[in-house]
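Engineer: Read off the chains here:
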Amino acid sequence: MKTAVVARGLTKRFGDVVALDHVSFEVGSGELFGVIGPDGAGKTTLFRLLVTLYLPDEGESRVLDLDPAKDIWKLRPRVGYMPGRFSLYPDLTALENLTFYASVFGTTVDAGMATIEPIWRQLAPFASRRAAALSGGMKQKLALCCALVHAPDILFLDEPTTGVDAVSRREFWDLLARLRERGLTILVSTPYMDEASRCDRVALVQRGQILRIDRPFAVSAAFPRPLLAVTGTGRVGVTAERRLALIKALREHPHAVSVWPFGRSLHVTDDRAGADPAALATELTMWLKARDLEADVTPTAATIEDAFMWDMADAERIA
Amino acid sequence: MTQPGVRTDSATPRAIDAIGLTRRFGTFTAVDGITFHVRPGEVFGFLGANGAGKTTAIRMLTGLLTPTEGEATVAGYSVARQAEDIRRNIGYMSQRFSLYDDLTVRENIELYGGIYGLDDAAIAERRGALLDRLGLASHERDLVRTLPLGWKQQLAFSVALLHRPRVVFLDEPTGGVDPITRRRFWEMIYETAAAGTSVLVTTHYLDEAEYCDRLFIMVDGRIAAMGTPDEVKADAGVATLDELFVRLARPGAAA
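Listed in order, the protein sequences are those of chains C and E. Just so you know, this note's numbering puts 1442 at position 299 of the first sequence, and the rest follows in order with no gaps. Just so you know, this note's numbering puts 228 at position 34 of the second sequence, and the rest follows in order with no gaps.
Among the clues, some could well be false.
[Claimed, not checked] If you anchor each label on the Cβ, the simulated ranges turn out as follows: (1) C:Glu1203 / E:Gly311: 54 to 62 Å; (2) E:Asp414 / C:Arg1151: 46 to 54 Å; (3) E:Glu437 / C:Val1247: 37 to 45 Å; (4) C:Ala1257 / E:Leu343: 37 to 45 Å.
[Said to hold, decoys possible] Think about it this way: if two alpha-carbon atoms lie no more than 30 Å apart in a straight line, the pair counts; the simulated DSBU-like pairs of lysine-lysine are: (5) E:Lys427 / C:Lys1391; (6) C:Lys1391 / E:Lys346; (7) C:Lys1391 / C:Lys1432; (8) E:Lys427 / C:Lys1432.
Hints in this document: simulated from the structure, not taken from any laboratory. Being a predicted model, the structure only gives us computed values, none of them experimental. For glycine and all other residues, C-beta sits at the position ideal for the given N, C-alpha and C.
Build out the structure end to end from the sequences listed, making use of the hints.
Structural biologist: The structure is reproduced here in structure tokens:
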């Protein structure tokens, strides 16, 4: 596969703060690549370096075989970039925003329509509405159109779904999947771990460093310890107290490395690598029963979030 | 203003009691006759798409916006007539606004203690306990803006509880933080609820919705679903909250 992005030891500092700390990775042409991590992980800094907006303090990168630090004017027209905060002009209408972005890149809305049509179709009824008056989901789609109207070869989306409700987020990812089918290379950053499964590959980032890069299922499959899901089955009523009691009891278990809430269950990581998870589940059930706690305990597959938390704790153990 | 300090309905043990609560802006009805209650010590998830009316509802419940119709009591006080009492008896924290970045940890605690009407001795005592609990004692003279986001959120939550309110409102408290910090925050929520304070929380993380005792899902200003996470899923005949949300927010889209 042809390579669209190469980063080697990319480092950026702001005063004493190391925003990006020797980051290296590659993205193949046509890949949908997710950069996943919390606020402050360095996602925005990374994207700004790759789209020619920052110069690195160390390291280098190639985007579409060009150097973002040197080939600015060759690279810019070929890159679509949607910054984290909305890049729209609130007092212009949806169509005026789009026309403006087209003109900045020396093209027209008509010329760009082939690229943006599937997204613009949903926005067209609101073409004459001021951007400020569009809903969050619509603003996000308009910003995507503005980043795509000059038919770029690669698209960088910095937290396009932050603060957007779950349903709009899902629809946005459906749109990205369609763009990907047409061969566009897409890098997208997000703090929502559940969005990882929509990517071809993901980089988990934390504190300026990449914890892991892999396909989403491989990240989950590589989880190095048995993982158990514990669901309290005590009587109904106010649950906070029961949940706390369960968490506390599980943390006292000699083999529990970590105990965290996960949806309606708690995930318990057992430190006995390679042990039979079914046997561990039975053991833990009995152990809870001995403490007057009723719960269903079943072996479970790790999610991206389990993997992220494991890697995070690992990174802290090393540091 | 009606007699401060006198609860309008001292018989009710409910932390929040809303009946037909409605707010219109011109011809637009942002919140359309919602009725619900929150029990003491309950973690109550307040969910819905952007623009569903959550923020307007919370602004009414915190005494910042007068209802057009209907009534609600929070911590026993009327939102329409005793807004001042409400503000002294609730805690409020949002992702965007909570602490002052340019003040130190200690100054923020003292400022809020004063706003909540605590005397100096009470502030000093609770400040010490709070800083010990969060492990922030050695950082009390740090500017809040220099703290990591996760610490800031835990501090903001603790400050919102400084006056031991009966109800605390958390508006997207965990946006953007790492998964471990997010879960530590939820353990603080459980501890708060277990101590008897009701927690009304909004979130876009559907796994967090599962952590709530009961959920209230708003669509277009109205109640679309209410009950325990298992109940609202069972009522709609879906397996996950994700499916439920798609169904509620985009009726007909499933076809």
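Engineer: Does each hint hold? Answer for all of them.
Structural biologist: Hint-by-hint comparison with the structure:
1. A hinted range of 54 to 62 Å for the beta carbons of Glu1203 (chain C) and Gly311 (chain E) is consistent with their spacing of about 59 Å.
2. Taking the beta carbon of each, Asp414 (chain E) and Arg1151 (chain C) are about 51 Å apart, inside 46 to 54 Å as hinted.
3. In this structure the hint that Glu437 (chain E) and Val1247 (chain C) lie 37 to 45 Å apart at CB holds, the actual value being about 41 Å.
4. Distance hint for Ala1257 (chain C) and Leu343 (chain E): a CB-CB separation of about 42 Å, consistent with the stated range 37 to 45 Å.
5. As the CA atoms of Lys427 (chain E) and Lys1391 (chain C) are separated by approximately 28 Å, the hinted pair is consistent with the 30 Å bound.
6. A hinted pair counts as satisfied when its Cα atoms are at most 30 Å apart, and Lys1391 (chain C) with Lys346 (chain E) qualifies at roughly 25 Å.
7. Between Lys1391 (chain C) and Lys1432 (chain C) the CA atoms are separated by roughly 14 Å; this keeps the pair inside 30 Å, and the hint holds.
8. Taking the CA atoms of Lys427 (chain E) and Lys1432 (chain C), the gap is near 29 Å; set against the 30 Å cutoff, the hint holds.
Comparing the model with each earlier hint shows no violations; every hint is respected.
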